Amino acid sequence: MTIKMFIPRESTALSLGAHDVAQALSDYSTQHDIELNLIRNGSRGLFWLEPMLEVETSKGRFAYGPVEVSDVPSIMEDITAHLLSDFTQAHSLALGLTEELAYLKKQTRLTFARAGVTDPLSLDDYLAMDGFTGLHKALASTSQEIVTTVVDSGLRGRGGAAFPTGIKWQTVHDAPADKKYIVCNADEGDSGTFADRLVMECDPFMLIEGMIIAALAVGADEGYIYLRSEYPVADAILQEAIAIATKAGYIGNNICGSGKTFNLEVRLGAEAYICGEETSLLESMEGKRGVVRFKPPLPAIEGFFGKPTVVNNVLSLSAIPYILSQGGAAYQQYGANRSRGTLPFQLSGNVKQGGLIELPFGATLQSLLNDFSGGTYSGKPIRAIQVGGPLGAYLPTSKFDISLDYEAFTKASAVLGHGGIVIFDDTVDMLEQARFSMEFCVDESCGKCTPCRIGSTRGVEVIDKIKDDDSRAANMILLNDLCETMINGSLCAMGSMTPIPVISAYKDFPEDFYLSSNHAVLEETNHG
Amino acid sequence: MQIDFSSDVSNVVKIIDTLKYKKGALLPILHEIQREIGYIPLKTIDIIAKKLQQTPAEIHGVISFYHQFRTSQPGDHKIQICRAEACQSRGSRDLEQHAKDYLAIEYHGTTTDSQFSLDSVYCLGNCATGPNVRINDELYGRVSNEKFERLITTYKTPANGI
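Chains as they are written, first to last, in my numbering: chain A, 33 to 560; chain B, 55 to 216.
Simulated from the structure, these hints should not be mistaken for laboratory data.
Since the structure is predicted, the reported quantities are computational estimates derived from the model, not experimental observations.
Watch out, some of these pointers could steer you wrong.
To be verified - What the simulated footprint calls covered on chain A by chain B, stretch by stretch (three residues with Cβ under 8 Å from a Cβ of chain B suffice, anywhere in the stretch; the number is not a length):
1) 434 to 440
2) 463 to 475
To be verified - With a Cα cut of at most 27 Å, we get these calculated DSS-like pairs of lysine-lysine:
3) B/Lys77 - A/Lys211
4) B/Lys76 - A/Lys211
5) A/Lys320 - B/Lys97
6) B/Lys104 - A/Lys279
7) A/Lys320 - B/Lys77
8) A/Lys292 - A/Lys279
9) B/Lys97 - A/Lys292
10) B/Lys76 - A/Lys320
11) A/Lys320 - B/Lys104
12) A/Lys384 - B/Lys201
13) B/Lys201 - A/Lys339
14) A/Lys320 - B/Lys105
15) B/Lys76 - A/Lys499
16) A/Lys339 - B/Lys68
17) A/Lys497 - B/Lys154
18) B/Lys74 - A/Lys320
Just so it is clear, CB atoms sit at the ideal spot from N, CA and C, and this is done for glycine as well.
Looking at chain A on its own, in the form it has when it is part of the complex:
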């Protein structure tokens, strides 16, 4: 008999042994005369269950996980003797029908609808699940109509800055130039984030389609994906996907027979966090040190080699095919306040059930934790959560009722950013976390602005003094002043936002800084 099975070719699954499991499945099948059709799919993003093995049944795909090599014989026996004959199963790793898993059912997967379902490099799979319908609509529209659809969707940049994507496109659309570029920012450097990686590893054609549509909208004929080199699997899959899409006529000099041109290339970063900042990224792509540029001019006016350039995050571009296919209003109906659509949240750190959680904006952090986290991995109570990457605030438990949307986070002096949610249990030392934020800035500052370049080094020193009980009260004032200088005296988010986690650490966890409750730096909180 033939059995169709799925085991992911995605980094998290691979990091937990998916290749070995795939090999064991194949060996077992050979030994037992089973005809195995093994698909290397993407991941569903339920990472605590990886490697998750799925088998196709008459009732849908059935999942087992987390699977180790030693589990393969017993799972295969369960499948052949029970599951595929009478749909009974008794294996301890049996999870049930994949689509019925609560973690998936509670989500609203617009961008991640195909992740884990399809073979990421199968064009047929992509086409069977609405792939390239957005592109065909775009090809039948004027460039202004495409831009207007994106404006109507309310989509805001998913890289962290949340600038309206449609407005950015309009600016590039309106800029007169003989050459324009589309650049995808795939330098996903924030700790606690992996949504971009999942897109590229699990559904690369969606990103490619989004970029082609962007090119049609603004009149660009050349695109680049600036990918961090920490993602070798994504690199390999993207290269293959681009080759397949080119061969099938979606990329090249005659997109789908329209006479329009779009060429696409992957460029690798080289381990520099700052290159996720769009002007630093452009410098890097031009073969220079990734030093941030002054703005204006905006990249939309003078970007890559001085030409009008759309620089969009992976998730922004990946939202585009859905928006074009279903219409701006369909996307816009999800969300809260001026945060429209969905955000793929990434739950990570000290958590039992970490993974990708795509939800409309507006759920509370607490409800997300209740519905998905399963508590901490260590089993100890949660003490702090850092949302929005290394430049995001640490939230204490008293603030977990915050709504997950841009407006609520801005109001709370916190950062929603790229949607990373990192959980810490009660063993965390917040002074050490604050010190790390400064140390990270020392390592990753591009060096252009003095408050960022030198201030971060002084920040580490001052925090060390506070730790060592060296004029603690006075050094806290100094740290507070230093943070203010960095916020006001830095060009980009690196220097101006590094103080956010630091300030949140000493204001919301003052006991870790040995602060008395009437210390001046805390009093400011009451006024602010």
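Since chain A is already given, all that's left is putting chain B on it; use the hints.
Only chain B this time, still in chain A's reference frame:
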């Protein structure tokens, strides 16, 4: 391993000639040289500069800006430990110390038998299953101290080999 420098030079020239027509060719060139040789020998900087019509200082400035590029030979296997927040919450600070002790080197160091280089990295994008370690192009999740030692044993060439 003894590097034959003359072959490096011809390799580097070939790499530059193949890639220099790209827009902003320097990073692709540096990546390819490092992939081919394992690092970017200082002596190749003049060649790159000349071919790209830039100054050696500019090329050196770019190499030194990016953590990934190195101008000295690494060990046979490159180990990177993630030290970003999500991995910290799962005990990466302990793992970092254990790795340094176990290999008897600090970050940016190479073991005396030249088998392993140790570096840190800020985020490998595997944040739900930390702590994470990358060895060459392979990623490993939930790396305990014991798992780290097992991994090293897997990669290690026995001292009495050949």
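Results for each hint:
1. 434 to 440: violated (count 0)
2. 463 to 475: Result for this restraint: holds, n = 4.
3. B/Lys77 - A/Lys211: Roughly 13 Å between the alpha carbons, so the hint for lysine 77 of chain B and lysine 211 of chain A holds.
4. B/Lys76 - A/Lys211: Distance ~16 Å between lysine 76 of chain B and lysine 211 of chain A Cα, so the pair holds.
5. A/Lys320 - B/Lys97: Answer holds: lysine 320 of chain A to lysine 97 of chain B is near 20 Å, not above 27 Å.
6. B/Lys104 - A/Lys279: Outside the cut-off at roughly 37 Å; violated.
7. A/Lys320 - B/Lys77: 12 Å, holds
8. A/Lys292 - A/Lys279: Status holds; Cα separation ~15 Å.
9. B/Lys97 - A/Lys292: Between lysine 97 of chain B and lysine 292 of chain A the Cα gap is close to 45 Å, so the pair fails against 27 Å, i.e. violated.
10. B/Lys76 - A/Lys320: 14 Å, holds
11. A/Lys320 - B/Lys104: This hinted pair holds, its Cα atoms lying about 16 Å apart.
12. A/Lys384 - B/Lys201: Within the cut-off at roughly 20 Å; holds.
13. B/Lys201 - A/Lys339: Given pair lysine 201 of chain B, lysine 339 of chain A is violated - Cα atoms ~50 Å apart, limit 27 Å.
14. A/Lys320 - B/Lys105: Answer holds: lysine 320 of chain A to lysine 105 of chain B is near 16 Å, not above 27 Å.
15. B/Lys76 - A/Lys499: Status violated; Cα separation ~50 Å.
16. A/Lys339 - B/Lys68: Not OK: lysine 339 of chain A and lysine 68 of chain B at ~30 Å, beyond 27 Å, violated.
17. A/Lys497 - B/Lys154: Distance of about 26 Å is within 27 Å: holds.
18. B/Lys74 - A/Lys320: 14 Å, holds
When the structure is compared with the earlier hints, violations turn up for hints 1, 6, 9, 13, 15, 16 and for no others.
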